[in-house]
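Could you slot chain B onto chain A? The hints should help.
Chain residues, written in single-letter form:
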Amino acid sequence: MRAVIAALALSAAWAAAADPSVPGPRQNPDDQFRFFWLYKPSTLRVLAASGFNLFMSDCFAAYNPRTGRYDARSAAERKKWMDDVSAVGLDYMEQLAIPQRREFVALYPRINRDGSACDNADMGWEVAMTAAVRGVRLAAESLKRHPACIGIEPSSEVRDHSRPSFREDFARRYRAATGEAVPPEVDKNRVAPHYLQLADFPVMRIVDEDYRLLKFYKWFWKKGDGWNDYQTKAKEVFEEVLGRKLVSIYDPVVRTPPLWGSGGELSHNNQWTYPTPEPYNIHYVISEQQAMARGMPGQRVFSMVQAISYRSRLAPKDVKVENEPAWLRERPNVVYMTTPPDIMREALWTCFSHQLDGIGIYAWSALFDATSGEWGEKRDPLAAGYQFTNGETINVISNVFNRVGRRLGPLFRAIPERAPEVAMLESYASTFFANRGSWGWDGFIYQFGIQADAAHLQPYVLYEEEIARDGIPPTVKVILAPHCDVLTRTTFEALVAFQKRGGLIVADNHFVPGILPDLPLKSFRRTWADGAGSDAALKKAAAELKSDLAPFYRPPSDSDNADIVTFVRTYRTSDYLFAINDRREFGDYVGQWKMVKERGCANSGKVSVRRRAGAVYDLVRHAAVPFRVLPNGDTEVEVSYDTADGKCLLFAERPLGPLALEVAGSRIRVTGGDRDVLVPIAIRAKGRPTRFAVVADGEYVWETSAPVEGEVRLVNLADGKMVKCGE
Amino acid sequence: MNARLFALAAAFAALTAAAATPQEDAVRHRRAAREAMSAGGADAIERFLHDADPGVRRYALARLFESDAAKGKAASVQALDDPDDAVKALARELTRERKPGRRAASPLPLSQDPANDHEVIRLKSIAAEGESFVMPAKMACDEVEIWFGETKQHLLVWVNDVLAAEYDPAVDGARDFRFDATKVVKWGSENKMWVTDERGKDKWLKFSVEVIKCGQ
Chain A
0 MRAVIAALAL
10 SAAWAAAADP
20 SVPGPRQNPD
30 DQFRFFWLYK
40 PSTLRVLAAS
50 GFNLFMSDCF
60 AAYNPRTGRY
70 DARSAAERKK
80 WMDDVSAVGL
90 DYMEQLAIPQ
100 RREFVALYPR
110 INRDGSACDN
120 ADMGWEVAMT
130 AAVRGVRLAA
140 ESLKRHPACI
150 GIEPSSEVRD
160 HSRPSFREDF
170 ARRYRAATGE
180 AVPPEVDKNR
190 VAPHYLQLAD
200 FPVMRIVDED
210 YRLLKFYKWF
220 WKKGDGWNDY
230 QTKAKEVFEE
240 VLGRKLVSIY
250 DPVVRTPPLW
260 GSGGELSHNN
270 QWTYPTPEPY
280 NIHYVISEQQ
290 AMARGMPGQR
300 VFSMVQAISY
310 RSRLAPKDVK
320 VENEPAWLRE
330 RPNVVYMTTP
340 PDIMREALWT
350 CFSHQLDGIG
360 IYAWSALFDA
370 TSGEWGEKRD
380 PLAAGYQFTN
390 GETINVISNV
400 FNRVGRRLGP
410 LFRAIPERAP
420 EVAMLESYAS
430 TFFANRGSWG
440 WDGFIYQFGI
450 QADAAHLQPY
460 VLYEEEIARD
470 GIPPTVKVIL
480 APHCDVLTRT
490 TFEALVAFQK
500 RGGLIVADNH
510 FVPGILPDLP
520 LKSFRRTWAD
530 GAGSDAALKK
540 AAAELKSDLA
550 PFYRPPSDSD
560 NADIVTFVRT
570 YRTSDYLFAI
580 NDRREFGDYV
590 GQWKMVKERG
600 CANSGKVSVR
610 RRAGAVYDLV
620 RHAAVPFRVL
630 PNGDTEVEVS
640 YDTADGKCLL
650 FAERPLGPLA
660 LEVAGSRIRV
670 TGGDRDVLVP
680 IAIRAKGRPT
690 RFAVVADGEY
700 VWETSAPVEG
710 EVRLVNLADG
720 KMVKCGE
Chain B
0 MNARLFALAA
10 AFAALTAAAA
20 TPQEDAVRHR
30 RAAREAMSAG
40 GADAIERFLH
50 DADPGVRRYA
60 LARLFESDAA
70 KGKAASVQAL
80 DDPDDAVKAL
90 ARELTRERKP
100 GRRAASPLPL
110 SQDPANDHEV
120 IRLKSIAAEG
130 ESFVMPAKMA
140 CDEVEIWFGE
150 TKQHLLVWVN
160 DVLAAEYDPA
170 VDGARDFRFD
180 ATKVVKWGSE
190 NKMWVTDERG
200 KDKWLKFSVE
210 VIKCGQ
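These protein sequences, in sequence, are chains A and B.
For the first sequence, numbering that gives the first Met the number 0 gives the first residue as 0, with consecutive numbering after it.
For the second sequence, numbering that gives the first Met the number 0 gives the first residue as 0, with consecutive numbering after it.
Next up, chain A with everything else stripped away, as it sits in the complex (with noise of 0.2 Å):
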């Protein structure tokens, strides 16, 4: 019973708690962002028939760091883009790419030990950061406070080329903050030499908090590269200037070591994925940002997903294939291509999963013809870099956003994580000594959790900062550990205790000698040339992870489908399963290569959560389905598919209530008696845009601009059920 409450009490705490001053979108507040990023004017109505509520562009305007000014568009002209925005209900977020820009590092570049400059801004320097901070601010004031701009984001893409940089202050700052001089083994590299290389690193690979090179290399990534300062900076003057709280986002925020502090104290951390081969690999990357999330109070989560693919990964320019496609006559020398429609949808899918306040899509010029000139731009088709591909992924991307985004997303916001079983340890001490990590993007350790997704363990990605500060989750049963070579000390004693209380370490023979794993990690080894052939050993791999574990743990649920993968979350006594189906082959887009099989077929299957359950609902097809109670308590529906698409399934104690409605002046009120379920709901009123909501703990309260008239009718998305109320 303790257990219960336990993770009860864990699972309302996972769900960060957001900062209420900062805005949700202006149309519904608590629904998701659906963010479009780049952008061309003339695709605004398009965007917002395909269901995106904000676009984020740095179209407007550019600082110029040798004259110091804001070279902005008139301010006629901007105010009329804004209102344009406005008009056709999107919101608007500027992306700020100041001190990432050629101009402004050739005159701020990091300096390396023998004096040549790196391609990147010093942002620890005081000159470099005074004068990004100086546009930061001119930026700002060029919106003249248009209601329109509800966010900002400060740089991107900036730390993947962050080393330390040897001018005098760096030295300085690095003795202010820890009274030690720079180690002499630091470099431009921005990771430590590996252990064997370093005489007194300890023999069992078990390092103090203390240790020299740990502290330095800790203190260079969280303040020493000056960014996370910049961010949250930048981020304040806007604010100042626009006299109110924004949404404010840096990306991709986890391309660093596991070390918390990554994209200062900006309100929310985002970071992109490219989904093939497998497009629930998102699954891993949004874990590892809700870890990095964990640091900083409050911060929340987006997820954004390429529409752009690497060629290379895809259908390589070098490899000649029979059946060609007709993109490829058109577009011969593309290397970003179109995203394919299928992988898109389950991509989507992946990302509804999670508990996410803003899901995107990049870039403009991959889903839109640009070629054509229709959208006000004339790209050459034989041109390098992005090309429109694949006319279908705009489309699927809008239908998935009108048919389930828009509708379900207050109620994707709102369902919180579960409490961790499965924890995947991702070691900082590891990343720096002995060059590991996933880098957000790619290896063995990320390679890794996309196995652990597919056997539905749904790994919470566990860092050493949070076992320091909170110590190992009472909830986790196992730990993963991937490439765990060196570990603090705190994290290796706080795992001997773990395996003391009867929890399970699964982990690789680079692992720290100290400690003897329970069991074995097996991975898979991926071939990019054979998308099949990967794809069975994931698979296989994933199947026998579950079986390895089957003894200890089961999931909180699970599918008799390999292809079927699932994902769940818990509010109180209900559970929402997301059931995806990744059954693909390789079509006539880019199958031809047999890297990436694009195409999504037909399934069906059984798919299960571990819990008694009284009533299924399908939220997207608003209804009631059959289920059935399996001896061993868990609840099992079919499901089918006509292709790779998602299902969102509702499991509750028991048949949900009637909720009832009533309008007083400008207040409409919904009340229900299901206090432990999160049930979505669609409001319509006269001259208003359907309102999509939630009602948590039996209510929910639409406070509207003017008295309601007229009859309002009120939908019940998970049972189909409408209540009417007025004329």
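Calculated directly from the structure, the hints in this document are not laboratory data.
Some hints could be false.
Here are the simulated lysine to aspartate or glutamate pairs, DMTMM-like style, with alpha carbons at most 20 Å apart [unchecked claim]:
(1) A/521 to B/83
(2) A/316 to B/196
(3) A/499 to B/23
(4) A/499 to B/24
(5) B/87 to A/507
(6) A/222 to A/235
(7) A/521 to B/24
(8) A/521 to B/23
(9) B/202 to A/529
(10) B/151 to A/159
(11) A/593 to A/617
(12) B/202 to A/228
(13) A/499 to B/34
(14) A/593 to B/167
(15) A/521 to B/167
(16) A/545 to B/23
(17) B/202 to B/167
(18) A/187 to B/175
(19) B/151 to A/529
(20) A/319 to B/189
(21) A/319 to B/201
(22) A/521 to A/492
(23) B/72 to B/83
Ranges between beta-carbon positions, derived for each pair [said to hold, decoys possible]:
(24) A/637 to B/80: 54 to 62 Å
(25) A/467 to B/195: 39 to 47 Å
(26) A/631 to B/24: 20 to 28 Å
(27) A/133 to B/130: 28 to 36 Å
(28) A/722 to B/20: 47 to 55 Å
Backbone N, C-alpha and C define an ideal beta-carbon position, used for all residues, glycine too.
Same frame as chain A, now just chain B:
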């Protein structure tokens, strides 16, 4: 009565043991080994150096080294012949003398590594496919390294008809690719090298050959 109870308990134990999965057996064995090594001293640990489970052997080696470095070092020398790669790797690690200042696993080429006290002689820096390079007459050096820079491709490298190195981003991560070519290069003569992807297709890549002279 006691005998009957004992028989019942034995039957139950046999039944549950028979029903246990190999994973349960493995976990049970490792837990027992862990507890036994924690309870006993170096002598208890030494018994597990020859355990059938290589994970237990590796752990025993580490525990022995911790509790008695001299014994641990001696056991590590013996374990250099262990049939399991992970045990062997740990044994190598425990018997190896750590030299400060080398960055073998660093993502940077050694020639750009000012922290290290050594001389780097760059012999070649070209773009090539099926390229040959001439090594000078034998010189006193610690290592010859061939460096390709950052890559995300799966690559195989042949030097003088020998598969000298493989780089798989899925396993190795997106990092700079370089490898120790000391044993495959021929001094004072021409060396043939070519690089392919995993399908055997030739790749055109920049590389450099670096001779590292340590212990200055």
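Between the alpha carbons of residue 545 of chain A and residue 23 of chain B, is the straight-line distance 20 Å or under? holds, 14 Å
Straight-line alpha-carbon gap residue 72 of chain B to residue 83 of chain B, limit 20 Å: Holds, at roughly 18 Å.
Check the hint pairing residue 521 of chain A with residue 167 of chain B against an upper bound of 20 Å on the C-alpha distance. Judged against 20 Å, a Cα distance of about 17 Å means the pair holds.
Compare the distance between the alpha carbons of residue 319 of chain A and residue 189 of chain B with 20 Å, and conclude whether the hinted pair is satisfied. The given pair, whose Cα atoms are some 34 Å apart, is violated under the 20 Å limit.
Verify the proposed pairing of residue 521 of chain A with residue 492 of chain A, using a straight-line Cα cut of 20 Å. It is violated: about 24 Å lies between the C-alpha atoms, which goes past 20 Å.
Under the criterion that the straight-line Cα-Cα distance not exceed 20 Å, is the pair residue 521 of chain A, residue 83 of chain B satisfied? holds, 15 Å
Next pair to validate is residue 521 of chain A with residue 23 of chain B; report whether the Cα-Cα distance is within 20 Å. Between residue 521 of chain A and residue 23 of chain B the Cα gap is close to 16 Å, so the pair holds against 20 Å.
If you draw a straight line from the CA of residue 593 of chain A to the CA of residue 617 of chain A, is it 20 Å or shorter? violated, 35 Å
Hey, residue 202 of chain B versus residue 529 of chain A, does the alpha-carbon distance stay inside 20 Å? Judged against 20 Å, a Cα distance of about 18 Å means the pair holds.
Check the hint pairing residue 202 of chain B with residue 167 of chain B against an upper bound of 20 Å on the C-alpha distance. holds, 14 Å
Check whether the Cα positions of residue 521 of chain A and residue 24 of chain B lie no farther apart than 20 Å. holds, 17 Å
Given the hint that residue 499 of chain A pairs with residue 24 of chain B, test it: the Cα-Cα distance must not exceed 20 Å. Status holds; Cα separation ~18 Å.
The structure does not agree with the numbered hints 11, 12, 20, 22 and 27 stated previously, though it agrees with the rest.
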